[in-house]
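Read top to bottom, the protein sequences are chains A and B.
Counting from 68, one number per residue, gives the positions in the first sequence under my numbering.
Counting from 726, one number per residue, gives the positions in the second sequence under my numbering.
Please keep in mind that the hints were generated in silico from the structure rather than gathered at the bench.
Keep in mind that the hints are not guaranteed to be accurate.
[Unchecked claim] Taking lysine-lysine pairs in the PhoX-like style, the calculated list, with each CA pair at most 20 Å apart, reads:
#1 B:978 - A:114
#2 A:497 - A:540
#3 B:978 - A:297
#4 A:192 - A:259
#5 A:121 - B:978
#6 A:113 - B:978
[To be verified] Now the in silico label distances, taken between C-beta atoms and shown as ranges:
#7 B:936 - A:74: 46 to 56 Å
#8 B:1017 - A:305: 42 to 52 Å
#9 A:91 - B:937: 32 to 42 Å
#10 B:1006 - A:303: 23 to 33 Å
#11 B:822 - A:195: 47 to 57 Å
[To be verified] Listed next, the stretches of chain B that the computed footprint assigns to chain A, with coverage defined by at least 3 CB atoms under 8 Å from CB atoms of chain A:
#12 839 to 846
#13 852 to 865
#14 900 to 912
#15 965 to 971
#16 1000 to 1006
#17 1011 to 1021
#18 1034 to 1045
Since the structure is predicted, the reported quantities are computational estimates derived from the model, not experimental observations.
Glycine included, every Cβ here is placed at the ideal spot set by N, Cα and C.
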Amino acid sequence: MISGSDTSFKKLNTINRRMFIFSAAKVVVFTGIVARLFSLQINENKKYLTLSDKNRLREWKLPPERGEIKDFFGNTIAGNLKVYQLHVVPEQVEDFKYLMVRLKDILELSDKQFARIIKKKRSQKPWETLVVSENLSWDQFSKVNFYLHELVGAKPVLSVARSYPHNENFTHVLGYVAQASESDLANNEIIKKNHVPGLRVGKIGLEKAFENDLIGSNGIQRYEVNAYGKRINQIDFLEGKKGKNIRLTIDTEVQKLSNELLADKSGSISVMDIYTGDILAMHSSPSFNPNLFLYGISQKDWQDIRGNPLKPLINKTVAGLYSPGSTIKPIVALSALENDIISPKLTVRCTGKMEMYGQAYHCWKKKGHGYMNLRNALKQSCDTYFYEIARKLGVDRLNKTALKFGLGEKVFGETFIDEKKGLVPSTKWKKDNLGLGWVLGETLITGIGQGYIQTTPLQLCLMTAQLANGGYKIYPRIRVQENQDTAEVIKNKMKLMADKKIEDENTTISPIIKAQNFLNNQENEHEVLYRNPENVKFVLEAMWGSTNEVMGTSYGSRFDDKKYQFAGKTGTAQVKKITERQRELELKAKDMPYEDRDHALYVAFGPYKNPRYALSIIVEHGGSGSTTAAPMAKKLFKLIIDRHEEREKIIKNNSIIS
Amino acid sequence: MFQRRSISNQLTFFQKIRSFDFILLGCVLTIGIISCFSMYSTDGGEILYHSKSHTIRFLVFFFMMLVLSFFNIKFWHATGYLFYFIVLAFLIWASFYGITASGSQRWISLYFINLQPSELMKIAIIVCFARYYHRTNVSDVNSFKNLLLPITILIIPIVLVVSQPDLGTSILIALSGLVVLWLAGLNIKYFIYSSLFFVISLPFVISFLEPYQKLRILTFFNPDKDPLGAGYQIIQSKIAIGSGGLTGKGFLKGTQSYLDFLPEKHTDFIFTLFSEEHGFTGSIFLLILYAIMIFRILRIGSFTRSYFAKLYCFSFAAAIFIYITVNMSMVLGLLPIVGSPLPIMSYGGSSMLATMIGLSIVMSSKIYGKQQIS
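Looking at chain A on its own, in the form it has when it is part of the complex (with noise of 0.2 Å):
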């Protein structure tokens, strides 16, 4: 080792270096550590508490309660039903197969409904809760009770679930409530928002229009869960809220007339309120129980729905599609009057028929009414006098003033997704999308209603609301809320409006100038219809005498105690061309197969001296409106106009809120 002291001196010095090196090397890493952990948990820290909290939270949404919906008088027609359910939440169960199997046999589920819970449990989340039984009778509930412990996870609970006290009354107007579907969840942001497995939500009516308000919110039940999705336990809960109550300005009673009335029939009754506009019945026939629906309705009920032939899934009141016949008369009438067409002296003789062109065109009476004036004309609905004033007045003006009282154009507009715009012919229409010339013959006919022109049983009961008032827009409204505005102020601002019409006509201003005062002007929402009110005065006069005066046709209707007295007019819209042969034959309309019956209309007002409200009745293929539809009009308005007084003082007393 005499080398020894040189080689370990070397030795040691490389080492002693090379282990500087390395410590500046350890320093230098573990700076790195160093910044890497302040970077993680100082200046990222937010980020990765929320991504933990993300872990570990997960959050329940709990079904919010929708609102209620109640008519005039806070009568609940759609409201909240407490059911007995039965929940399971898979992953709480430790053996799914056997715990299915055995409430199987206690429930005795057919094989389908079994295989149909088994799928919606795949479909689902497994710490979602399954609804095994939406609706348990009482018997299922306290048998699963009776067997409950050896039923570990399966859950018996209170809940709510929408019911409609009313049966068939309501249906078409509110409308049902389903599972959400996907398109539902796509086109509505809130339902979206609030949803949860097996939400139900508004699929047609007032129960889709209203959606956004009668949903609600959720509540919300926040758990901390494990890496596994096990609740291990609650953080906090929220409750929801529950949606919005809405009220109607519908009137149960005359609802349930309306439906009485229309029993085993086809058709539609809507009742509206001439000033406000507040319907107080839309009835379609034939209704069905929306009751079904909410659980799944059986292939059975579902198939005599859908196959029954007078189609009860269609909305008749918005979206039924008729010839007004008749009824359109007074518009006729009127606009042959505001056109200065003719006067009502004008005379013209029915002979039964009146040719032209080589073609005949009939009056209902075959013998003729003879000499008939405007009234008589109205009164007696006299097909030849209103072919003649339609050939004078032209489709296009009659038209305009068709237009101006509220046809042609939806009535709720976008509330009711299946509500229909009808049609009003004119020239131009029939050049741009039938690409024809228009034919004087078709004007002949559109005077008495038929040919091309299209209606609603609600544009017809705005129409004769619209006449009733005096010739002033009103807007329909079926929701009542706070600050609308009643009869009386309505009527204040109509008379202020004739009132304006009036200075305005007396004073030479420039039209500009008129046009700034109307725009202006915010009392103008219930426009002037008319150019000269007196031409409204005598059409109302007119259907007064149709109802009440001997040959009128709707005579049989009348009433005699002038609190009821009411003015109408009567329809009959042929729904297949009659033949010559047949005309000679006089077929009774009992005679005919059904589907080639007549439309029974009828138009009414009343009580006549102080209008207040307006009807529309339609019996499809219900023979002539004389006949079917004038004597059901007759029970409405003692219905009514009884129930009037009692109407009044809720709006008076404000007393119900909804």
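Position chain B against the provided structure of chain A, taking the given hints into account.
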């Protein structure tokens, strides 16, 4: 050989005790206690299997370390090769009769403990190399003969451990060995050549890896690609550490570990749990403890007289440092997930045993620091 009798041979028992490095002992003890509490936390705040067995192991092995510290450094020098061969025999035994768990045959069953010889190899390779280079002249270090033998010594256990398969431990063994070679004065050009060779051969090496190992490496580069699969561990670990913040979520309140989002929280991810519960301050505290530990070991190394002890201490400090950095970088998402425990903190008897043996040799170097080994 023994003309000059060493003074330390005459040291009394109390003198020996007095020459213990108490700061180092204090650090080890503190980390040990922290690890026991962390283990208690992984058991969900109860004294269950992991916390109980970890605490017992720590205490037993800590005491063992104290006892072993009284062994003369000459003993370790003398048994350096033997130590290596015993561990190597264990490794071979493991590859034939070893216990298989989670797809890897790493353990041999001694009747009181399931031993993982690859962990012991991390220390054995250092002792063996230290012994080898103790006698080698610095000028001979880079000779071909003196290169071939150490590389063979190093390659055999690495191949055995890789074939278990246990990539993490084999990398750590390799790094431990290389550190000794570096400190012994191996020419820097060899390191450059071999790392070049490594980079070139990397694609071939990868093709030999198990599919799960390949996946781990790929996942490291893009953990978000498959957040519920292979990237899960890295992502959850980062979430846990990041959400700890400055002061942590509090003892026993680490939601990530408590709710089972953290995988392997007893072993490789124990630092994650600790960091989530005690935050940045806690992590820095632990890092400082480790830093002091390393510093004390280096200090002992520089004061010791024999080259064997010096080389051993420096290498051991470097190895401990590597274990710590590899583990922390892994849980912090800086390195791919390879199984590598955090010394003392992680659950696992073999790792604890290896660390304590290693520390006892360090302590022996301190006590017998004035001793020359000829």
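Verification of the hints:
1. B:978 - A:114: Distance ~19 Å between residue 978 of chain B and residue 114 of chain A Cα, so the pair holds.
2. A:497 - A:540: violated (27 Å)
3. B:978 - A:297: holds (18 Å)
4. A:192 - A:259: holds (18 Å)
5. A:121 - B:978: holds (16 Å)
6. A:113 - B:978: Within the cut-off at roughly 18 Å; holds.
7. B:936 - A:74: 46 to 56 Å: This hint holds: roughly 50 Å between Cβ atoms.
8. B:1017 - A:305: 42 to 52 Å: Once the Cβ atoms are compared, 50 Å apart, the range 42 to 52 Å for residue 305 of chain A and residue 1017 of chain B holds.
9. A:91 - B:937: 32 to 42 Å: holds (36 Å)
10. B:1006 - A:303: 23 to 33 Å: Check passed, 30 Å falls within 23 to 33 Å.
11. B:822 - A:195: 47 to 57 Å: The hint (47 to 57 Å, Cβ to Cβ) holds, given that residue 822 of chain B and residue 195 of chain A are roughly 50 Å apart.
12. 839 to 846: violated (count 0)
13. 852 to 865: It holds: at least three residues are needed, and the stretch 852 to 865 of chain B offers 3 whose Cβ sits within less than 8 Å of chain A.
14. 900 to 912: holds (count 5)
15. 965 to 971: holds (count 7)
16. 1000 to 1006: holds (count 3)
17. 1011 to 1021: Our answer is that it holds, as 3 residues pass the Cβ test (under 8 Å) against chain A, meeting three.
18. 1034 to 1045: Holds: 4 residues of the stretch 1034 to 1045 of chain B have a Cβ under 8 Å from chain A.
Violated hints, in rising order: 2, 12; the structure is consistent with all others.
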